[in-house]
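Just so you know, we're using the working numbering here: the sequence shown kicks off at 76 and counts up by one.
Hints were generated in silico from the structure; no laboratory data involved. All values derive from a computational prediction rather than experimental measurement. Yeah, the Cβ is synthetic: ideal placement off N, Cα and C, and Gly gets one too. Incorrect hints may appear among the rest.
[As the list claims (entries may be wrong)] For each label pair, taking beta carbons as the anchor points, the in silico distance ranges come out as:
no., residue 1, residue 2, range
1, Ala512, Lys702, 54 to 60 Å
2, Ala124, Arg444, 50 to 56 Å
3, Ala251, Glu480, 56 to 62 Å
4, Gly474, Pro736, 23 to 29 Å
5, Gly474, Ser504, 30 to 36 Å
6, Gly739, Asp625, 44 to 50 Å
7, Gly739, Arg629, 28 to 34 Å
8, Gly705, Thr503, 27 to 33 Å
9, Ala512, Gly705, 57 to 63 Å
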Amino acid sequence: MCLPAVSAARPGPRIRAGTGPISVLARIHRAAPASYRVGVATPRLLAFALAPLIGVLTGAGVVLAAIGGDGGVTTEFAAGATLALPSVVLGMVVAVRRPDSVVGPLLMLVGATAVWVTVGDLYASAVTRRPDLPFSEVYAALSQGDWMFLYVPAALLMLVFPDGRLPGRRWRWAIAGLLGVPALFMLITAFDPGPYRQPFESTPHLFRLPEPYLPALRVVGLALLPVFLGLLVASAAAVVLRYRRTTEKAKRAQLKWFTLGAACLPLTLLLCWASYLFLGGPDLVLAGLAATALAIPVATTIAVLRHDLYDIDRAISTAVTYGLVTAILLGFYTAASFLVGLGAGRSSSVAAAAGTAVCAAALSPLRVRLQRWVDRRFYPDRQAVLTAIEELRDRTHAGQAQPEELETTLRTALRDPELRVGYRLPGTSRLVDATGAPVDPGDALVAQVRLGGHDIGAIVRGGTGTRELLREAASAGALLIEVVRLRIEVSRALDEAEASRTRLLHAGYEERRRLERDLHDGAQQRLVSLGMAIRLAQRHLHDGTVHVDDLLDRWVAELAVAVTELRRIAHGLRPSSLDDGLGNALVMLADKVPAPVTLDVAADDLPEDVAMTAYYVASEAMTNAVKHAGPVTIGVRVTRSGDRVTVRVSDDGPGGAEIRPGTGLAGLADRVRAAGGALRLSSPAGGGTLVEAELPCAL
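Modelling step: build the complete structure from the supplied sequences, incorporating the hints.
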């Protein structure tokens, strides 16, 4: 069963340059020793040979079914062929994908045994109608002890799984025993002079021994039974031994998958128990056998080809938990039905109902504890993660820890120093850590954290941990992640409020200096000059050297210019168009915009500060649309609902707008925030821009 070793001292043939292009794999194949090539090809060739043989065996079963005419045996044959199909097909898949391993051919042999058993029953049934069938005497003699061979393929599979090699050279005796003991036992039973089993009871014995040798023959036959049982136990022990010896995670996962498939055997026993308990017969055993015939080849194929398909530890833990729950349930039900049935009658529905009620009441608080107990033994990583999160939650509630310690806790529990916990802030798609720094998952495995139907964060795997385990950690730590996320949001809001207050303070100082400069350089200079001219004219009024009418005309003109400049400065502080309401001011503003504007103003009698803020929102948003979006269509809508006023300015431009420090939108956001409102910007690339401000408005 082992592949021949490749000798390092034996040189391979040289690679010669040919006239045509030769692939690298072809050159390696040519350069490999012949013994290696034969060793790799032998398991696959064996699988290709088994496939037609199984087909011939199935065809023979069809012919024998037609000869025998026994409907029950024919149904068993159909069921056996159906149950064998997964093993044969998946064994061929494994043989093709792993041509250097004998796992594929052995898996096909496991399926072939189901066909063999049913074909043997068909042959026995056909002999009753056609005693002249060929090989009836040989088959009658050999079939008395051929049952041992039914266990050989499965035992061989356990010995060589998962890499197709034995655990060691000393295990070769197990191979020899599994092949030799059944053959010897079959020969011993063939020489037994006792009557054959039906329908061969009248068939003459083909093999006979002298009478003095028969007692010794029977002793040897009986001694082979415990020997064969020991070989089967040793085959199962090989799987355990291989698991303890290996440190490779991949090989351990493969062995766990194989064990999970074999777990259907105890499931079959539970179904048998339940069948006798509820139905009074072994009818449900067929379902268990069908599940076993499907689970073992599927688990074996997954183990060989895709051992990382699913978290096998979780699967084993779940299977063991529900298996124990089922066994306890059946035990409670059996005991309750027996005890209650003593007084109410064996077939009493009251006894069944009472037993069910007792089972449900007993298992309700037991399942969680049982799951934890199983996890500690079969899924320690899950138990470690959930326990660590629960302890952190309790310590946080008691004020002894901070929820930001979740990342460190998970790193310790999963033994993954590169694990990251990301938090998704509202209105954003990127992740940040507990300090607010960006978290880039890259190509790493990510488990999204959801709470209340919203994505609130993610757990990014570093190097260890399965997808299912990370999802459980994400679900268990969702509340802690939500607390940290809200803390980050509040901290950012406070920082932004502080920065906004500072910007507004500086903007106020700048506006005050601008007003001082405009007043000093404009109206103030004109008024000072006018005052000096009036004082000078006053001194010359008595000598008649000044023309009073001319002076008054010039002074009036200077006063008019000063008043105009003062109005211009005041208009920069508050638009005069707001005197007639926000709607009129927006109409006048829209007339000055070189783009079509659609107005929808449904908010009147607004307070002065709210109307002014709404006006500046519309003005700045329309100015940005014309400046950056080009010739677009602009829509302005102002609505009032209760104590809130909403201003929406949209355009159908290219989008891509952002609120950056120092821009008009940033100043507008500060103005809205100072008024107690909130400014939102939506500007996807190619999807236009929407500026929406929501302002408080007292009723």
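Here is what the structure says about each hint:
1. Ala512 - Lys702: 54 to 60 Å: violated, 34 Å
2. Ala124 - Arg444: 50 to 56 Å: Given range 50 to 56 Å: holds, Cβ gap about 53 Å.
3. Ala251 - Glu480: 56 to 62 Å: holds, 59 Å
4. Gly474 - Pro736: 23 to 29 Å: violated, 38 Å
5. Gly474 - Ser504: 30 to 36 Å: holds, 34 Å
6. Gly739 - Asp625: 44 to 50 Å: At 48 Å between Cβs, range holds.
7. Gly739 - Arg629: 28 to 34 Å: violated, 42 Å
8. Gly705 - Thr503: 27 to 33 Å: holds, 28 Å
9. Ala512 - Gly705: 57 to 63 Å: violated, 37 Å
Violated hints, in rising order: 1, 4, 7 and 9; the structure is consistent with all others.
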